[in-house]
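Using the sequences and the hints given, assemble the complete structure.
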Amino acid sequence: MQGRRRRELALQALLAAALLGALWWLLDVTAANMAERGIRSGFDFLREPAGFAIGESLLPFESTDSALWALAAGLANTLRVALPAILASTLLGTLIGLGRLSPNLLLRGLCAAYVETLRNVPLLLQLLAWYFVVTDLLPLASEALQLAPHVFLSKSGLAIPWLGGDSGVLDLPLRGEINIVGGATLTPEFLALFLGLSLYTAAYIAETVRAGIQAVPRGQSDAALALGLTRVQLFRLVLLPQALRSIIPPLTNQHLSLTKNASLAVAIGYPDLVSVANTTLNQTGRAAECIALIMAVYLILSLLTAWLSAWLERRSGRWAERA
Amino acid sequence: MKPTLLDWLRRNLFSDAFSSLTTLALLAAALWWLPGLVDWLLLQARFRPDAAACAAVNHAGACWGVVAEKYRIILFGRYPYEEQWRPLLATALLLTAILAGSLRLLSRGPLLAAWTLALPGFLLLMGGGWFGLSPVGSDQWGGLPLTLLLATLGMLLALPLALLVALGRQSSLPLLRGLCRIYVELVRGVPLISVLFLASFLFPIILPQGTSVDVLLRVQAGIVLFAAAYLSETIRGGLQGVPAGQHDAAAALGLGRWQALRWIILPQALRAVVPSMMNSAVSIFKDTSLVTVVSMYELTGALSLALAGDAEWRSFQLEGYLFIGLIYWIGCYAMSRFSRGLEQAGSNARAMA
Numbered sequence: 001m002q003g004r005r006r007r008e009l010a011l012q013a014l015l016a017a018a019l020l021g022a023l024w025w026l027l028d029v030t031a032a033n034m035a036e037r038g039i040r041s042g043f044d045f046l047r048e049p050a051g052f053a054i055g056e057s058l059l060p061f062e063s064t065d066s067a068l069w070a071l072a073a074g075l076a077n078t079l080r081v082a083l084p085a086i087l088a089s090t091l092l093g094t095l096i097g098l099g100r101l102s103p104n105l106l107l108r109g110l111c112a113a114y115v116e117t118l119r120n121v122p123l124l125l126q127l128l129a130w131y132f133v134v135t136d137l138l139p140l141a142s143e144a145l146q147l148a149p150h151v152f153l154s155k156s157g158l159a160i161p162w163l164g165g166d167s168g169v170l171d172l173p174l175r176g177e178i179n180i181v182g183g184a185t186l187t188p189e190f191l192a193l194f195l196g197l198s199l200y201t202a203a204y205i206a207e208t209v210r211a212g213i214q215a216v217p218r219g220q221s222d223a224a225l226a227l228g229l230t231r232v233q234l235f236r237l238v239l240l241p242q243a244l245r246s247i248i249p250p251l252t253n254q255h256l257s258l259t260k261n262a263s264l265a266v267a268i269g270y271p272d273l274v275s276v277a278n279t280t281l282n283q284t285g286r287a288a289e290c291i292a293l294i295m296a297v298y299l300i301l302s303l304l305t306a307w308l309s310a311w312l313e314r315r316s317g318r319w320a321e322r323a
Numbered sequence: 001m002k003p004t005l006l007d008w009l010r011r012n013l014f015s016d017a018f019s020s021l022t023t024l025a026l027l028a029a030a031l032w033w034l035p036g037l038v039d040w041l042l043l044q045a046r047f048r049p050d051a052a053a054c055a056a057v058n059h060a061g062a063c064w065g066v067v068a069e070k071y072r073i074i075l076f077g078r079y080p081y082e083e084q085w086r087p088l089l090a091t092a093l094l095l096t097a098i099l100a101g102s103l104r105l106l107s108r109g110p111l112l113a114a115w116t117l118a119l120p121g122f123l124l125l126m127g128g129g130w131f132g133l134s135p136v137g138s139d140q141w142g143g144l145p146l147t148l149l150l151a152t153l154g155m156l157l158a159l160p161l162a163l164l165v166a167l168g169r170q171s172s173l174p175l176l177r178g179l180c181r182i183y184v185e186l187v188r189g190v191p192l193i194s195v196l197f198l199a200s201f202l203f204p205i206i207l208p209q210g211t212s213v214d215v216l217l218r219v220q221a222g223i224v225l226f227a228a229a230y231l232s233e234t235i236r237g238g239l240q241g242v243p244a245g246q247h248d249a250a251a252a253l254g255l256g257r258w259q260a261l262r263w264i265i266l267p268q269a270l271r272a273v274v275p276s277m278m279n280s281a282v283s284i285f286k287d288t289s290l291v292t293v294v295s296m297y298e299l300t301g302a303l304s305l306a307l308a309g310d311a312e313w314r315s316f317q318l319e320g321y322l323f324i325g326l327i328y329w330i331g332c333y334a335m336s337r338f339s340r341g342l343e344q345a346g347s348n349a350r351a352m353a
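If you're matching them up, the sequences are chains D and E in order.
Residues in the first sequence are numbered from 1 upward in steps of one, following my numbering.
Residues in the second sequence are numbered from 1 upward in steps of one, following my numbering.
Please note that the accuracy of each hint is not assured.
Said to hold, decoys possible - To spell it out: a stretch of chain E is covered by chain D in this simulated footprint if at least three of its residues, at any positions, have a beta carbon under 8 Å from a beta carbon of chain D; those stretches are: (1) 17-29; (2) 161-175; (3) 193-199; (4) 290-296; (5) 320-330.
Calculated from the structure, these hints are not laboratory results.
Every value quoted in this text rests on a predicted model; they were computed, and no experiment measured them.
Note that the Cβ used here is the ideal one computed from N, Cα and C, for glycine as well.
What follows is the structure, given as structure tokens:
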């Protein structure tokens, strides 16, 4: 036993030495390369003016603001598209997942077709297609489609009523001479990203929900129906509490991958974190720093989500016990 | 009594009031939408590569002529036009090897031989520079062959790495365990784009001067590193699923640690996770589209290359997206059906055992 312990210690020491050696060599080469090409390093660029504009931003941003603030605006934009998309994809995904378990053949088939189509085409392709549909195939703002009172859809985006404005509480968009005036406008970039992320992730969430409900033993449904519960009661009181336990971990995983997939914004020009960091990288040449920042932010998001998921799991466990 | 058509209808479409309503609503929606869809897809569509005719229809019908006009660039990217039989042949070679492997057309020995021929054959055909084939730099590779190469090589190289990492996470050395864990958590926590940025911007800076690694290789390395992290979690699941009794039995038979691993543990662990590995393969196949972002013209990039800059055809990009979407769909659907088949076969085998 003693001999084995000693051997393991020696092996680890060797591993550590090799690792440090490789790291040292890597840093040495990198430093030499950077000196040769005149690349500076460090995070000081974060305090300097960004020098570029951001197409749309939740946080007030101008090109004279610091690069750090630009990245913060990017992160805010990531969350601005990810959170509504998480909500929409969960709702739609749950409905489709339930639809796949329906006794109705047509509904079952339709939901299955949805899942099989959306899951088997790359998200990037779907985003590009949505973006093209919004920016090229929709009518000009002067001939905008009216979807509902004071809701207009056109090449320039979706105009919706919003808080504020001169009239008091609600600012309503109206048809102007060439443009829609008033209200708030969701840009084509935002719309395409939101639609693409929601519809794509909904297909995965549908499968998660279906698997979760199917994992509840059949006897549970039979017993509940024998007790005289209606289908709605059966679902709310018997299936859902038990299914949630197995649904929540993969569901939060889906939410996390949606947030990571929001980084595809860079392909359609929505200024999310990755997109802004990419612009910063091109302007300052600080590749290592910018990539490290992207990765750090996403790692923190992942850790937070994992923590939230564990908490939810505990909660749902308690709920199931009470029900 | 034999179930009649009426019974079938009642059970599947009109089992209760809600189901009946759903059926009627869906049929109504189909009547409302389908004619327009068929009109757009086929009846009003233009199939000849005639931009004027396509423009005249004004999107009332699809312009499949765009595919007829541009399919060479979409499928092969910037590969020299006269030489495009080479990527065609290379693609056929790789697809044959993949099909031969998955449909078990060959036994193990010939299959291994086929693969060792197919991959170098693919690279030699694409790259040229021998037998009078003109050399074509990898920066000119594109379209479907590039997508297939990135996905196939990504999967093939990620597997052994993933296996090592998965074993590393079970090692008795805490340092090795920790390192493998950090690698997996780190990669799984970040988006693929950031890994591709790393590969395309950072690899050149961290490699010794004078060694320039071409961008295809760098991006391929990025994909391998990314995929291996996910695959290693799958394999780890398989390793943990092998009952402890198997380890004990192997030890009792006098097998060493490596022998037990090679002959007892791994065969069971890997067989159990083949379906989830197929799911990873589907993901990798789809994820190759992201290399567009670092300016490589695989299938998705090649479509933009073909259409975005062409004023005459650019308004028919949707048809182009549908076309390559269909190619991706066929690949992914085939893989997921295959995986489901394996799962079925696995559960049948277990039921018989």
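**Prompt:** Which hints, by number, does the structure contradict?
**Reply:** Violated: none.
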